[in-house]
Amino acid sequence: MFSYTFQWKQALKALPQMLDGALVTLQIALLSMAIGLVIAIILTLFRMSGNRILSGFATAWVEIARNTPALFQIYMAHFGLGSFGIHLSPFTSLLVGIVFNNAGYLAENFRGALKAIPDTQTRAGRSLGMSSLQAFRLIVMPQMLRIAFLPVTNQMVWAILMTSLGVTVGMNTDLTGVTQDLNARSFRTFEFFAIAAVIYYVIAKAVTLAARAFASRMFRY
Amino acid sequence: MIEIENVRKSFGELEVLKGINLTVDKGEVLTVIGGSGSGKSTLLTCINGLEPIDAGRIVIDGTDVHAKSTNLNKLRQKVGIVFQQWNAFPHLTVLENVMLAPRKVLGLSKAEAEAIAVRQLTHVGLAEKLSVYPNRMSGGQQQRMAIARALAMSPEYMLFDEVTSALDPMLVGEVLDTLRMLASEGMTMICVTHEMKFAREVSDRVAFFHQGVMAEIAPPEQLFDAPQHAETKKFLAATH
Ligand SMILES: Nc1ncnc2c1ncn2[C@@H]1O[C@H](COP(=O)(O)OP(=O)(O)OP(=O)(O)O)[C@@H](O)[C@H]1O
Ligand SMILES: [Mg+2]
Chain A
1 MFSYTFQWKQ ALKALPQMLD GALVTLQIAL LSMAIGLVIA IILTLFRMSG
51 NRILSGFATA WVEIARNTPA LFQIYMAHFG LGSFGIHLSP FTSLLVGIVF
101 NNAGYLAENF RGALKAIPDT QTRAGRSLGM SSLQAFRLIV MPQMLRIAFL
151 PVTNQMVWAI LMTSLGVTVG MNTDLTGVTQ DLNARSFRTF EFFAIAAVIY
201 YVIAKAVTLA ARAFASRMFR Y
Chain B
1 MIEIENVRKS FGELEVLKGI NLTVDKGEVL TVIGGSGSGK STLLTCINGL
51 EPIDAGRIVI DGTDVHAKST NLNKLRQKVG IVFQQWNAFP HLTVLENVML
101 APRKVLGLSK AEAEAIAVRQ LTHVGLAEKL SVYPNRMSGG QQQRMAIARA
151 LAMSPEYMLF DEVTSALDPM LVGEVLDTLR MLASEGMTMI CVTHEMKFAR
201 EVSDRVAFFH QGVMAEIAPP EQLFDAPQHA ETKKFLAATH
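Residue numbers (the UniProt record's numbering), protein chains in the order written: chain A, 1 to 221; chain B, 1 to 240.
Note that these hints are calculated values from the structure, not bench results.
Model, not experiment: these values are computed from the prediction.
Hints may contain errors.
[Said to hold, decoys possible] If you want a taste of the chain A side facing chain B, the calculated C-beta under 8 Å gives, among others:
(1) S83
(2) Q134
(3) Q143
Beta carbons are placed, not taken as given, at the ideal position from N, Cα and C, and that holds for glycine.
Taking the hints into account, I'd like the entire structure generated from these sequences.
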């Protein structure tokens, strides 16, 4: 049982390949965050709109995204839509699944943040002649993003880790996909996944630190 | 000219304005006094259309504020309002607070908006504070910033709702001085206030509100020295 001999040298040879995969991982995570943020802001506006249909739609999205497994969300984007004749590539399905998840969680974070911003802020903007959308965009949203900054950063880390679920829909170019392929060819399971884990860790940490640096530059009040 | 005709307004069961009739001429300074809950704030928010009314009309320079066809965003550029709570935008510097609406609402260039903002902030004595964030300033300074922010839109009318009530007594004077300056410059103003001395000094007329009714309106000497209405007498006795 303990006859397994580590072969780090062989595994490390694959490092450049894995780093290429890491780049794809980062790319999906960043893209999913950017799109997720935009959709989350739209969902937040829907929920504030007072329109039953719009706010119902947004609430349903948030509820489903937060209360079903992320894996199912990605499956649905790939196989679920596939049953309706919409065939997305593994890359796109993974992206769609994570965007769905991100948008739901972020919208919920935004709702919490909005509670901390008094209505009088909007009122002050409106009384200067701003439209309600202008007051939201120029006054409420910047404050909301600041208050929700920490949970947004957490979601970014979560998005990075969620990309590993892509293998289940045939994704083979991201870090987990590449690692899985290497493993299938060599059976150096422990080495490859240990290296991949370290890379995930480094990316996640780097993103957190970058976010913190960004925050301290941006939020000077 | 602001014409208020038989305006009624309720919140649920509670009728807060019970048929207000009032005309404010260009260049006039009107102060509004009255007990808590008498409808003073509500009247101001109805004047610039932040609150709808149930009956009557408010007409500003020929524009019916509450008509469906009225562009309220446009109208509000003409009617500035400053509240008891100054509502500084915390994420913007003092200069940015004042520049925001001229840029985004009036569509001025950055340089134009900045010139206006600097002028208004200098006017209210905040020239030294341009790049400071509001939370680094006293309440009085933040309130003066809020006044500059409203003035930067070049309004023709200004509404002030107890702008000194949330301030430390020490800081009341500097804000009242700002209002006095505006009054002396000919700004048309409606000031809700509890500062009787100030009201007497700056007003052309003083209106006394009681339970949703404008019980009395008169020049300050008359209203303060020879009030006609029993409730006015009671109120003034209680505040002196
Ligand atoms: N948005 C609202 N919803 C429900 N009731 C309201 C609302 N705004 C004001 N009221 C009620 O209307 C009445 C008049 O309020 P208003 O704020 O106009 O009084 P005020 O004369 O400004 O009093 P104060 O001197 O305390 O500021 C009060 O009884 C108040 O509770
Ligand atoms: Mg009031």
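Each hint, compared with the structure:
Interface hint at S83/A: violated, since its Cβ lies 46 Å from the closest Cβ of chain B, which is beyond the 8 Å cut-off. Interface hint status for Q134/A: upheld, as the beta-carbon distance to the closest one in chain B is roughly 6 Å, under 8 Å. Against a cut-off of 8 Å between C-beta atoms, the interface hint on Q143/A holds, since the closest Cβ of chain B lies about 5 Å away.
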